[in-house]
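Chain order of the listed sequences is A and B.
The numbering used here puts the first residue of the first sequence at -9, with every later residue one more than the last.
The numbering used here puts the first residue of the second sequence at 16, with every later residue one more than the last.
Source of the hints: derived by calculation from the structure; they are not laboratory data.
Any given hint could turn out to be false.
[Stated by the list, open to error] Partial list, derived from the structure: chain A residues whose beta carbon lies under 8 angstroms from chain B:
(1) Pro85
(2) Ser275
(3) Leu354
(4) Val365
(5) Leu403
(6) Ser408
(7) Ile412
(8) Phe462
(9) Pro474
(10) Glu500
[Stated by the list, open to error] Once the Cα atoms are required to be at most 25 angstroms apart in a straight line, the calculated DMTMM-like pairs of lysine to aspartate or glutamate come out as:
(11) A:Lys267 - B:Asp285
(12) A:Lys497 - B:Asp285
(13) B:Lys133 - A:Glu76
(14) B:Lys122 - A:Asp575
(15) A:Lys267 - B:Asp212
(16) A:Lys497 - B:Asp195
(17) B:Lys284 - A:Glu500
(18) A:Lys267 - B:Glu172
(19) B:Lys276 - A:Glu494
(20) A:Lys171 - B:Asp201
(21) B:Lys198 - A:Glu172
The C-beta atom is built at its ideal place from N, Cα and C for all residues, glycine as well.
For reference, the chains in residue letters:
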Amino acid sequence: MSDVIIQGTNVAHTHDAHGGHHGHEHHEQHFITKYIFSQDHKVIGKQFLITGIIWAIIGALMSVFFRLQLGFPNETFPIMEKFLGEWAKGGKLNPEFYYALVTMHGTILVFFVLTAGLSGTFANLLIPLQIGARDMASPFMNMLSYWFFFISSVFMFVSLFIQTGPASGGWTTYPPLSALKEASMGSGLGMDLWLISMALFVVSSLLGGLNYISTILNMRTKGMTMTRMPLTIWALFFTAVLGVLSFPVLFSGFVLLIFDRNFGTSFYLSEIFIGGKALSHIGGSAILYQHLFWFLGHPEVYIIMLPGMGMASEVLSNHSRKPIFGYTAMIISLIGITVLAFVVWAHHMFVTGMSPFLGSIFVLLTLLIAVPSAVKVFNWLTTMWKGNIRFTVPMMFAIGFVSLFISGGLTGLFLGNSALDIHLHDTYFVVAHFHIVMGVSAFFGMFAGIYHWFPKMFGRFMNNTLGYIHFFITLAGAYLIFWPMHYEGIAGMPRRYYDYSAWESFKNFESLNSFISIAAILVFFAQLIFVVNFFVSIFRGRKVTVKNPWGSPTLEWTTPINPGHGNWEGDIPEVYRWPYDYKDDGNGNDFIPQTTPLKPGEEAH
Amino acid sequence: MMLVFVIIYQIAKASEYATILRGEGKINARVNRTMAWLLVAFFFLGLYGIWMCHQALIDRMLPISASEHGVEYDKMFLVTLVVTGIVFFITQTALFWFAYRYQSTEKRTAFFYPHNNKLELVWTTIPAIAMAVLVTIGLRNWIHMTSAAPKEAMVVEVVGKQFNWIVRYPGKDAVMGKRDFRKINDANNVLGLDWSDKDNMDDIIAQNGELHLVVNKPVSLLIGSRDVIHDVGLPHFRMKMDAVPGIVTTMWFTPTITTAKMKEITGNKDFVYEISCDQMCGKGHYSMRGTVIVETQEEYDAWMAKQQTYYASANPAPAADSTAAAQPTTDSVKAITMK
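Please model the complete structure; the sequences and the hints are all you need to start from.
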């Protein structure tokens, strides 16, 4: 398809006619350097993705266990004992381990899946391919980034099996709970492993992020100006900027916590009586940790959201056969979100006793962030308007992404307004809000990306029918799980409770909790459809026969079907136009690749 | 379970082969139409589901707010709900309508429409104005609820520990005495009151987490923690504040409905205002329950008259030397009262 369309003087095109068959120009690499300690950005991207998928299964399985407890507090489930042994003696989850599961579920999904698994995968895969580079600025650092993530994963994984259990103070690990071994079982060795793992994770994230930024700034091919970059790249760029500027602050917070835990300092500790004795710590501030944590913690939300936004933009435009509406406005709104993301962190802390005046500043800044978010939604909708929409699986997920982003984003207006947050804070309303917007919505962006770029990753398609089943069960399931949770939150039901049956105010939600649990378990199994589809399709999926199966103008589809290390055979193509030229090319195609020079008299976008 | 998977997989594989056999173009048109319809169906089922969900749950929501500013809270909540509800409905309708209306057909070509500055300006301005309105309402309420408590407010201290609440009343002198965490022991000085401070002598401590308040009388809570961070959650009064070790946080409100009256309103004779711990504090977090009893001034006075000062109850006569109380301490983690 693309062979016909791409014309002109570009050198790369001399190879195009047989693009797929030139794969063996490269020397055969050893298995270890090719697949394990690979420096090829595409392989590293796949490593991040597959590690992320494995973590996602573990993290989601944890949610199945604690949902069983929440939905059916009076039942026993012998099968849990098989999985969890002592922690679920007689099929009943131990409260201590319930909290460990909740903590690990959060940590794993937020950091290992939706940060490393998401931007690790797509920044690696897409940045060089879409800007026209042979690889990252530093392929070696890039490899280290993955392996630091791997070691970090090993530490976290090991912590699941130690006798006192993994960290159990919530994914935010607020001290003093997380700082004092007397406060909870999970604050012992499990917390040390958690901190080591997260410190390594920060290293991985910084190595990756610096690489992404320098690659985007320095290694674009000829003609690829910043304003000719696809929105995926813009989004991944700002994701990396957010990470690089905020992860070090989190790291400093962790270092102080490690000192408080092990070396007798009092950064976060003051006037504590625990385990039958008064501790000697005086003068620290438990709130300081929260400031340091949320200074990453909030940008982290956008680290999770932005890649999905970028990919949804790309997918919506491509499968609507229309340029993204308001390309410049999309970039400006990304900038707005990125800048504001750094100055809204304290909206997580309205009820910590922080100065109410400071609180009101953060209310203002927080609600400001709704403006660029709204612009993005309107632009996505207008992108679909008068399009020629193909309901491919990635497109379905992109539509689901927008729907969920709207639903989850709007509830942010309740929580960001301190006068409303004061009642909703730490209730199920919060759980519903962030699961829809940065949980499921981000996952939908990720799924859209996986289904869309799977052909580029493996030279095969994923199964469509399974994709559609996966889509509808997940979308309906997500709403069934999280929509009713808003009601629980409005009724004041606190999150992170093991059992509500002793509470007069909350026990009337028992049947609803069972309903939510059943939906959650069904959705979990629906994700296994995706997992099976993914792994089977790598080996058995329908083969891609044309270089540009989606008819996309962007550069990654000018590479051979199975590109080797270096991506393009021959020279890297030159770029002449913006990435969304979905218009008649005069040969019966409805798009013009970025590599096609402007026609005489044609105006650049 | 495995069997279901295998079956789904086989069907999927078969339909994929059929796609190839029948020619991709043709089957795509059919699948495309089906998907457009399914999305529309999802949209309407979703709206129906929202309605059903509302019907099923509305009876289980909190009763009318039992505090003055809680009434303001509920109004503001409603305004925000209406604003977001309208946006939700318009954008979701547009999303699913466009998906259906502009599904790919052989005749259709997409409309090349890269940008329109006027349009974009409009929909930057409208959300900005809506936000300004919400912020204004929000900050007005926020400033009101976080303002200094009225002078006539009664003062009560609420202290969290793993895993229960301790409530201290200032006693007859209406002054809280000093306390020091180094003087705490679980046997006879749970809050570490400094007995050299005379103001402590008439202070009253309720270790069962019962907070007695007088209806229509503002109350100012001094909130503290002995160990980790807790949170005083008062859903019926639409209030919440963290209990942080090392600092004292505050909040005030005016309860407007007595517990007895609320039993009538809700038709639930077991009704009780509850204090929930809303900040994860360890394995007993979910059982860290306190109660609030809102009563008339007479009932409150009668109850108060029956209370013994903490000094008297912790130091049975003859008054022992308090500083010598280095008794074997109980492990607070083990001493939890699990429900």
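Verification of the hints:
no.	hint	verdict
1	Pro85	5 angstroms, holds
2	Ser275	7 angstroms, holds
3	Leu354	6 angstroms, holds
4	Val365	6 angstroms, holds
5	Leu403	6 angstroms, holds
6	Ser408	5 angstroms, holds
7	Ile412	5 angstroms, holds
8	Phe462	7 angstroms, holds
9	Pro474	6 angstroms, holds
10	Glu500	10 angstroms, violated
11	A:Lys267 - B:Asp285	38 angstroms, violated
12	A:Lys497 - B:Asp285	12 angstroms, holds
13	B:Lys133 - A:Glu76	64 angstroms, violated
14	B:Lys122 - A:Asp575	17 angstroms, holds
15	A:Lys267 - B:Asp212	22 angstroms, holds
16	A:Lys497 - B:Asp195	38 angstroms, violated
17	B:Lys284 - A:Glu500	20 angstroms, holds
18	A:Lys267 - B:Glu172	22 angstroms, holds
19	B:Lys276 - A:Glu494	16 angstroms, holds
20	A:Lys171 - B:Asp201	20 angstroms, holds
21	B:Lys198 - A:Glu172	19 angstroms, holds
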